[in-house]
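Engineer: Protein chains in written order, with the working numbering: chain A, 1 to 127; chain U, 1001 to 1302.
Hints are not guaranteed to be accurate.
Cut-off 16 Å, straight-line C-alpha distance, at most; resulting in silico cross-link-like pairs (EDC-like, lysine to aspartate or glutamate) [said to hold, decoys possible]: (1) A/LYS102 to U/ASP1167; (2) A/LYS114 to U/GLU1257; (3) A/LYS102 to A/ASP58; (4) A/LYS102 to U/ASP1164.
Treat the hints as calculated values from the structure; they're not laboratory data. The structure displayed is predicted, hence computed values, not measured ones.
If you want the building blocks of each chain, they are given just below.
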Amino acid sequence: MKRPSIFPAAAAVIATVVLFTAPRAHAHRYLDHAEPKVGSEVATSPREIKVWFTGAVDASGTTIEVFDSNGTQVDKKDCHQDPNDKALMIVSVPELAAGTYKVTWHATSTDTHKTKGDFQFTVKAKG
Amino acid sequence: MRYCKWAAPACLAIAFTASTAPTARAHGYAGDRFFPPTITTDDPFAVDELALPTVSYFVNPADDGSPKTRETDISFEFDKEIFPRFALGVSNTYIFQKPDGERAITGWDNVELTAKYELWLSEPHEAIVSVGVKGDIGGSGRKTIADSFSTITPTFFFGKGFGDLPDSAGAFQPFAVTGTIGQSFPTSSEAANTLEWGFAVEYSLPYLQQHVRDIGLPEPFKNMIPLVEFSFSTDENRATRGITTGTINPGVLWETEYFQLGAEALIPVNGRTGPHVGAAVQMWIFIDDLFPKIFGHPVFGG
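Chain A extracted, bound-state conformation (with noise of 0.2 Å):
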């Protein structure tokens, strides 16, 4: 009678290897939520905008940047971690008129895996 094979036993055992044995690295990281919510209408203007990563980032290489429909860099240039979260950007913002704000993201992990992206939130018109 022929033996089972063991790789099916091996493949299982190395996945497992590979995946809870390894160093933990610090992965690509990506926007987990925010602060106004991506695509969301606020009936305010937000003071800040606050965009958390999926995981901590490196704060020398993360961005976060806001630019009014004719693409002006509207926010105060002031981009900071949370001293109390690793994984939170935060950048202020003057009083914004109502209209569609884009915020583009540039985040960076400390082993330098680096990922982009942007999202739009509107403030809507009083009235």
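Add chain U to chain A, keeping to what the hints say.
Structural biologist: Just chain U, lined up with the frame of chain A:
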């Protein structure tokens, strides 16, 4: 054991790449779009990837005197970026076949080697075009299961995300399509040349959440990509000329930081393909995230 003959070179190649990483690039990205590796059609990216394992079950129909056969395949695929945008890969499959009324047959299929080059990539349009070649090495598998002849298949790959649609069509921006078209050239005069073609239609819930509209999806749904894959093969000559076989494979992929799990049904498109629905599950391990000093950058020119 036949398959061990390439194990040493593979290990040497892996060890050779173990240098310090300067800058890692994201796997499978064109602009904001992540193109996940798919189960039955190859993705267009030439990056470091490891699929371990892929398990599929399918029933092959009776054909030319051979009985209906239940088949379970367990396979792996490893790809390594050698030069920027150029990767080499190796894959193989362990096959369990149980023909009706006959003894089971098991063994390795032929080793498959691949080379792929990313010809063109547009970040604003989330688009990519790649070319490559696959080589099925005849005689490298078990004689009772694998072909005795080799097959060379030049292949064209493409991917397109629809994030560049106008904002008024925001609900469609998470869609993406990837596909392959390959022309096989077997070295045996008895085997038919085939056109290998397939594509995948994906709807990325992570893209929806991160770039279009946060609709408040909870875990694990916010990291899922529902998709349908279409995988076909059309014989171009010999006795089976003009006959197409293939499957339509609805399923879902689930992304985590370090791995991707996928599951699909394999629905035969006709009786020549199979009498029953099969299934496939797969785990892709993001080795560039797990081992960033070794993977995630080319061996030369990174």
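Engineer: For each hint, tell me whether it holds in the structure or not.
Structural biologist: Taking the hints in turn, this is what the structure says about them:
At roughly 12 Å between alpha-carbon atoms, A/LYS102 and U/ASP1167 fall within 16 Å of each other, so this suggested pair holds. For the given pair, A/LYS114 sits about 14 Å from U/GLU1257 by alpha-carbon distance, which is consistent with the 16 Å threshold. Taken as a hint, the A/LYS102 and A/ASP58 pair is broken in the structure, with Cα atoms around 22 Å apart against an allowance of 16 Å. Distance restraint check for A/LYS102 and U/ASP1164: the Cα-Cα separation of roughly 14 Å lies within the 16 Å cut-off, and the hinted pair is therefore satisfied.
Violated hint: 3 only; the structure is consistent with all others.
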